[in-house]
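Engineer: What follows is the residue order along each chain.
There are 2 protein chains.
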Amino acid sequence: MLPYTLIEKKQSGQALNKDEIHFLVDGYVKKTIPEYQMAAFLMAVYFKGMEAEEINAYIDVILNSGKRVSFNDSTTYYADKHSTGGVGDKISLILAPLAMASGKVKVPMISGRGLGHSGGTLDKLESIPGFSTQMSLKDFQKQTDRLGCALIGQTKDLCPADKMLYALRDVTATVRSIPLICGSILSKKIAEGIKGLVLDVKTGNGAFISKYEETKHLAEQLKYFGEAYGLSVRPVISDMNQPLGDKIGNWLEVEESLDVLKGGGPAAVRELSLVLTGQMLAMADPKRAEGDIRKELEKLLDSGAAYDAFLRVSKEQGADIRYLEKTELYDRSKYIIEVKSASEGTISYIDTYQLGLDAIVLGAGRRSLNDTIDPKAGLVVHKHLGDKVEKGEPLITLHSDDKKAVELLSKEIGDRFHVSEDNFTMKGDLYEIL
Amino acid sequence: MLPYTLIEKKQSGQALNKDEIHFLVDGYVKKTIPEYQMAAFLMAVYFKGMEAEEINAYIDVILNSGKRVSFNDSTTYYADKHSTGGVGDKISLILAPLAMASGKVKVPMISGRGLGHSGGTLDKLESIPGFSTQMSLKDFQKQTDRLGCALIGQTKDLCPADKMLYALRDVTATVRSIPLICGSILSKKIAEGIKGLVLDVKTGNGAFISKYEETKHLAEQLKYFGEAYGLSVRPVISDMNQPLGDKIGNWLEVEESLDVLKGGGPAAVRELSLVLTGQMLAMADPKRAEGDIRKELEKLLDSGAAYDAFLRVSKEQGADIRYLEKTELYDRSKYIIEVKSASEGTISYIDTYQLGLDAIVLGAGRRSLNDTIDPKAGLVVHKHLGDKVEKGEPLITLHSDDKKAVELLSKEIGDRFHVSEDNFTMKGDLYEIL
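Read top to bottom, the protein sequences are chains A and B.
For the first sequence, the numbering used here gives the first residue as 1, with consecutive numbering after it.
For the second sequence, the numbering used here gives the first residue as 1, with consecutive numbering after it.
Since the hints were derived computationally from the structure, they do not count as laboratory data.
This one's a predicted model, so the numbers in the text were calculated from it and none came from an experiment.
Incorrect hints may appear among the rest.
Each pair may be met inside one copy or between any two copies, as identical chains are not told apart.
[Stated by the list, open to error] When the alpha-carbon atoms are kept at most 20 Å apart in a straight line, the in silico PhoX-like pairs for lysine-lysine are as follows:
#: 1; residue 1: Lys9; residue 2: Lys48
#: 2; residue 1: Lys195; residue 2: Lys67
#: 3; residue 1: Lys156; residue 2: Lys142
#: 4; residue 1: Lys211; residue 2: Lys9
#: 5; residue 1: Lys67; residue 2: Lys142
#: 6; residue 1: Lys411; residue 2: Lys383
This is chain A alone, in the form it adopts within the complex:
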C-alpha cells in the first residue's frame, strides 16, 4: 500500500476501505507517513468528503490509537457535552456543575484549548488560580465517581492520533470538514466511556460551519456515527450570530459563568445552559417530564447548589476558590476601554468571527502554538442583536494589557456592529433540538 495511491484515490472521489484508512492514520502516528502526505490527503478529504464506512473506520483508528476510560458502575448515567465552538461560549463551566448538582448524571469532561477564533474550556478553567486540568485517566475516573464530575484536558494516552491530526488540520485549513470533525469529536467522546452525549452544534457567522444546512448535516452525522458506536447522542443546533452572553475572554467568562451559577447572568447563557443540561438529564431518564427537569435545574441555579458544586470541583482540582467567591480579588487589565456607537438605530449584524479574533489580539488566545494567554484579557459586549443603540452609547469594552492592541482595536472594533435604521427581527429560533 502506498500513501501516494491513497491520496490519488481520495482525490478522484473514491472511498478508501478500512485497511487503507488504518494504514494512513497509523502510519502518520508512527511517522512512517510524512506530514506533507497527510496534509495532501486531508485537503483531498476536505474537497471530496468521506462515505459512511470511511468515517466509521476513521473514528475507529483514532479511538484505538490510545487508551479508553471504562466506568464500572452500570447503574450510573455518565454523560458529557461538546460544543463545536463559538465566541463567548462558556456553557461547559455551567453545565458540568449544574448536572453534577442534580445527582442524576456524572460528568467526566475532557475539554480542549482555544482554536482559531474560538475559545476553549480548558483555557477558561486554567484562568482560575491553582486550577489543574492535568490528571491521569485513573484519577479522572475516580474523581468522576466520587464527586460526580471531573474537568480535564486531553491526556497523552487518549486518542493520540487525534492530537496529531488536529494540530495538522489547524495549520492546513482542513478543520472545516464534516467527516474530519466527526472523527475528532466522536473518537474522544467515545474514549471517555460515557453513555450520553449532548452536542451543541453552533451555526452562524461565529461558528466554524456558518451555514444552517451544513450545520444541520454535521449535527445529523455526529448523531449517526456516535450512535453507531453505542453512544446516545442529542444534538442541539444553537445560534452563533452574536457572542453568547456579554463576556469574551477566559477569566471574564468564568465571572459570567459564576453569575449564571448563582441564578443571575445574561438570559441567553442561562437559557442555553438550562436547555443543554436539560437534554442531558432527559437522556438519563427519558420517562421524566421535561418540564420537571427544567424546574429542578432552575432551582439548582437559583438556590446556589450549582455554584456550590462548581466550588467543590474547583477546590478538588487545586483551585484557590477565594477568587471564585470574591471575583474582585482577581487582577484587572491595565487598559479597560469603552468603545461607543458612532450612530443610532438597531443592532442588525455582529461580526462574531471577527470579535473572536479581536479577543485573541487583546491577549485572550494564542496567535501561534507557543503563545501564552493573558487570562484577564477580552471583551465585554454591551449590545446584542435587536438592541436599540443611541449615538455615543457604549457598544463594547476592551480589556487588555497590550497598549498597541487596544489602540488599534479601539479604532476599528465598532465596525463589527452594524447599526440599522430599520427594526431587526431574529430569523428562526435561537436553538433547535434535533
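The hints should help you fit chain B onto chain A, whose structure is shown.
Structural biologist: For chain B alone, coordinates are given in the frame of chain A:
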C-alpha cells in the same frame, strides 16, 4: 501574511495576488513555510485551479528563484523541445542532434529524469557509458554556442524552487494540475535563454493528462503563458495511446534513437522526430516552406549527418562512443523473455500507462527517490494498435536482471494488450500542430 489564510483563500476558490504567490513560494524555498502547508496549498490548487495572473506570478517566482542563461549572439535562433512525458518517448535524443546538424538552430537542452510511469531523457543519456549530464551553466552556454547543442540536467542554480516544488508534487499526487505544470515547464524553459520552444503535449492512456480536451487546454495554456514571457511556443499534441516506437527502457531507447538517426527505426518515431524538429526550424525561419524543411531533415537522417552530430555531442560530454558505434558491445539483461499472444485478432487497446510502470518494475526506473536504475532493463513491443496478431505470436519482450520481476510480469504483461476480433481503426490523427 499567514500561509494558513492563503491556503484558505485558494481553498475557497479565490485568486491569490502576486505578493501572496511570491510569499508562499519564497517561503517554501527558504523553509519558513513547512512542506505540509505547501502540500495543502498544492492540493487546493489541484481542485480550484489558478487564474491567469496567478499563473504568471507562479512562473515568475520560480524563474526568479535562481539564475538564468542568457545568450549573447542575437543572430542565432536558440530553441528547445519539451515533452509532457510518455512511454517510449525518445524524441529528444533524435531531435537535438538533428536540429544541430541542420545548422539552423542551436539547442541548449535541459532535461529531467524519469517521473511516475514515464521515462526521462537524462536517464537515457546517462545509460551511455561515460556520458556526463552535469556541467556549469557557463560551460553549458559555451558548448551550445561552439557545438550547436548541449544536453544536461537541471543545475542547482536554475529554478531551485521548481526542483523543491516538483519533489513535493511528485509524492502528494499534485503533478496533474495544469497551472502547476505550466509553472514548472515554462520557468525552466524561459531560464534556458531560448527564443523558441516546441512542445510535445501527449494525450491518451500513457500521458499524464489523458483526455484530449484537457490536453488541448494544457497546450493552449503553455503557449499563452510562454508567449507572455516573450517565448515563441509551438505546441504539438501527439498520441500516447501506445508506446512511441518499439523500445521502452533507457539503453534500449538509445539504440532505437540511433536507428532513427541513421535513417532507419520505427516509422512513428521517425515521423514525430521530423514533425517536431520541423516545427523548430519553421519557428527559426517562418518564411521557409515547410516541405523544404522536411526534405532537408529527411536527408540529414538518411545521410548519417544527424547520427554524426549525436556522436559529436556525446563525445564532447565524455561518452565512450564505441558503444554508440557498435551497440552489441553493450551488456544485455540476464533474462530476455518473449511473451506471446493468447488469442488472435487485432490489437485494439494497449494499456500504455501500465507498460510504463512495468518497465520500472523490470529496473528501468526508480520506485523511490534513492532507487538505482538498470540501464539495460526494459521492454520491446512487437505489436502496435491495429496490428494483426496470431495466437502464439510474440507481443512483447521483457529485458531484466530481476528474476522475480520477470516471473511476475511474464504472467500478466500480455493483458496490457487487448486483442479484438473486429478490425481496429485509429480515431483521429497521431499528432496535431496547434
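Engineer: Now tell me if each hint is right for this structure.
Structural biologist: Okay, the hints, checked on the actual structure:
no.: 1; hint: Lys9 <-> Lys48; result: both (10 Å within a copy, 18 Å between copies)
no.: 2; hint: Lys195 <-> Lys67; result: within (17 Å within a copy, 64 Å between copies)
no.: 3; hint: Lys156 <-> Lys142; result: within (18 Å within a copy, 61 Å between copies)
no.: 4; hint: Lys211 <-> Lys9; result: between (29 Å within a copy, 18 Å between copies)
no.: 5; hint: Lys67 <-> Lys142; result: within (16 Å within a copy, 66 Å between copies)
no.: 6; hint: Lys411 <-> Lys383; result: within (18 Å within a copy, 76 Å between copies)
Going through the hint list in order, the structure satisfies each hint without exception.
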